[in-house]
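Student: If you want the building blocks of each chain, they are given just below.
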Amino acid sequence: MTAITHRPLGGHIVTKPFLILGIFVLIAAYFILRRFLFGMGDVSNMSNGYPIGTWVVLDVVIGTAFGCGGFAMALLVYIFNRKAYHPLMRPALLGGVFGYTLAGLAVMIDLGRYWNAFNLLMPWYAQPNSVIFEVALCVMAYITVLWLEFWPAFLERIPSEFKQRFGLDKLHAFLKRYMYVLVAVGVLLPTMHQSSLGSVLLILGSKLSPLWYTAWLPLLYLISALAMGYGVVMLEATLVNRAFKTPSEAALFARLARVAAGLLVGFLLLRWGDLTYRGHLGLAFVGDWDGNLFLIETVLFLAPIFVLLSRRRASQRWQFLAAVCLLAAGSLYRLDSYLMAVQPGNGWTYFPSAPELLITIGVVCLEIMLYLLFIKTLPVLPGSTAESHGRPS
Amino acid sequence: MDMSRRQFLRGAAGAVATAAAAPVAEAAAPFAPREPKQLPPKAIGMLYDSTQCIGCKACVAACKEANGKPVEQPQHLAQWNEGTWDTAEDISGKTLNVIRVYQNGAMAEKDREVNGYAFVKRHCLHCVDPSCISVCPVSAMQKNPVTGIVTHNPDACIGCRYCVYGCPFNVPHYQFDEPFGRIAKCQLCSHLLAENPLFSSRDNAAVAAQAGTSATALWKKSRIPACCDVCPTGASLFGWVEELQAEAERRLALKPGEMYEFPRGLLGGDRPAQAAPIGHYQPHIYGEKESGGTQVRYLTGVPHEKLGLPKLPDHSFAAVSEGMQHTLYKGLIAPVALLGGLVFLARRNAREDDERKNDEERPS
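Chains as they are written, first to last, in numbering that gives the first Met the number 0: chain W, 0 to 392; chain P, 0 to 363.
Don't read these hints as lab results, they were simulated from the structure.
Any given hint could turn out to be false.
Unchecked claim - Taking beta-carbon pairs under 10 angstroms as the criterion, some of the chain P residues facing chain W (in silico):
1. Cys156
2. Val163
3. Arg181
4. Ala252
5. Leu253
6. His325
7. Leu337
8. Gly339
9. Arg350
These figures come from a predicted structure and were not determined experimentally.
Where a beta carbon is used, it is the ideal one built from N, C-alpha and C, also for glycine.
Model the full structure from these sequences, guided by the hints.
Tutor: Structure, rendered in structure tokens:
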């Protein structure tokens, strides 16, 4: 599709950080085993007042937003034809591959009757009115699309004699030729399920504070997913750039920053406008739990706007801080609307247990480990890596 | 380029904003809620009169027996029993029906808000427009088209627990302490009702003719939900929802303290009634309109919010949620149109790219 070359980063795979991450994965594996042997109550504090806990909210609702880098960049690069950003595409895509695949894994841990999960695909059980049904099918399809979009990175690594013998070069050519279809589907699916993650909450009604409950939830979720997508691309690139001393892409990000800031402005205008129109804005200033959460969110949303629209956006350090703030804002918005601002009544409370959180942390660590493994062994990052590490392609 | 970009933006936003003008429960929403659902033709349900309940919990024990659920004994209540008493505090994965008590101050008088106490029964209200059915991704929750009973099918259920999350009354409960847990909820003893052909068809006359008797006779000899069957005072009363509503209105119209013959078990059945004074009712039949209406109705002496019966709007949140889904996904027109636009743009941009590349390559 383009002339951009990607190279594996090379270097040792089993490093100290890699091993530390591995320990967390093992701890999580132990508790996951306990969950399957003794039931969810053994490891989690979920209850029938708060039946949705950190596994869904952190790993799926927030985790997939972190996986929206591929979606956000594909929209910019392939749909709005901003080819300058193309070097950022493949690493963003890889983030999406793992963000979504491991969200799928978290769902399998969280499903109370996981052995029936196939029923989601059985037409006679389909329930098209259900928002969750749409989210589930959409996410499954998108995980498939993400791996297919990423597939060329594998194919490029396979020796050409081997490819010819097994006809893989034809597959490569086919994928390249029709990649635009995959790209389009790969933009459509997250548009659908990221907005639907907001629609899911419409059923909560009076259980959710009016500061979050609005008919605009789907659009707010979609905008926040895109903004978080750009945020994660900035964060990822800065970290990789620092850790592996690749050339800085700060100039490119200074332009991307305006896109992200624009989305955040849109988000805040829609949210505050809607609250004002419905006459619920006063709830933000009554000083209670919900009101304060809302104000913290707003500050976190405003901070990156100011940084990204100021001259500071050219500095890598400020870009990084803005990206962290943006991701914190979007994450808190999702955490609040799914859990913290939800009040089921009758004295129910929820705070995750240590094993429950360790499972969530383990899933994230696994994600980072796989990301490191892939960028070191597959052509993911833009081609101008340090010669000592990179392989000639 | 700019032209098509604008078109794309319009396409994407259009899906969300097409119905921007349509009114909804809360004004300025981008869509209209789905039409409210109507009570099924032969809706059956319950009337619970809190002022008649004596808190004997016979209904709790009978429910466990009828539905094969175990006795529950929370650790912190161990001092109150020696292994025999069921001390379930609320409905749970093992308790489908429970009597809870409201206590205030000196607890001197029953059914009084201040310095009083009151009982309330907790179980599924069998909504006319249930949220649990709307959210269930695998149709495990079903509403019987004839009787309106909301049932759950564990063979379909994937255990995602969105029915628990979405229910405005917090009724479906998942068994978190089991490795192969299930969703538990009251199904109005539909396994007992199934023995009566009256509840299997919309047509009373046909059913009665086939059974060689009258519909009234069939009704009178019906097995009824265990909780209503054992209730000694008629506080839990089983019947056709419309008749139960009329019965509730009748009680509300009478003067508090006036003697009244409270029917027991089955409304319109043969059991002797219980004579008792009419309670000091709150002037509201809970469940008539709440959340789009339910098939269980409550009469209480204490405001219902105090008894854990939440204040809810007259529409079901399922109608709001489905209104949104139907606006965005009606006939899949919006997603298909959006996909078309995306494919067009992605393809054109890819081609431009290839051409540029070819131009660059040619001179060399």
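Student: Hints first: check each against the structure and report whether it holds.
Tutor: Against the structure, the hints:
1. At a threshold of 10 angstroms, the smallest CB-CB gap from Cys156 of chain P to chain W is about 5 angstroms, leaving the interface hint in force.
2. Proximity of Val163 of chain P to chain W holds as hinted, the smallest CB-CB distance being about 4 angstroms (cut-off 10 angstroms).
3. Hint status for Arg181 of chain P: holds, given a least beta-carbon distance of 7 angstroms to chain W, under 10 angstroms.
4. Evaluation of the Ala252 of chain P hint against chain W yields a violated restraint, the C-beta minimum of about 30 angstroms exceeding 10 angstroms.
5. The restraint placing Leu253 of chain P at the interface with chain W is violated, with a minimum CB-CB distance near 32 angstroms, outside the 10 angstroms limit.
6. Hint status for His325 of chain P: holds, given a least beta-carbon distance of 8 angstroms to chain W, under 10 angstroms.
7. Below 10 angstroms, beta-carbon pairs count as interface contacts, and Leu337 of chain P has one with chain W at about 6 angstroms; its hint therefore holds.
8. Satisfaction of the interface hint for Gly339 of chain P is found here, the shortest Cβ-Cβ separation to chain W being roughly 9 angstroms, below the 10 angstroms cut-off.
9. The interface hint given for Arg350 of chain P is met, as the beta carbon of that residue sits about 9 angstroms from the closest beta carbon of chain W, less than 10 angstroms.
Hint violations for this structure: numbers 4 and 5, all remaining hints satisfied.
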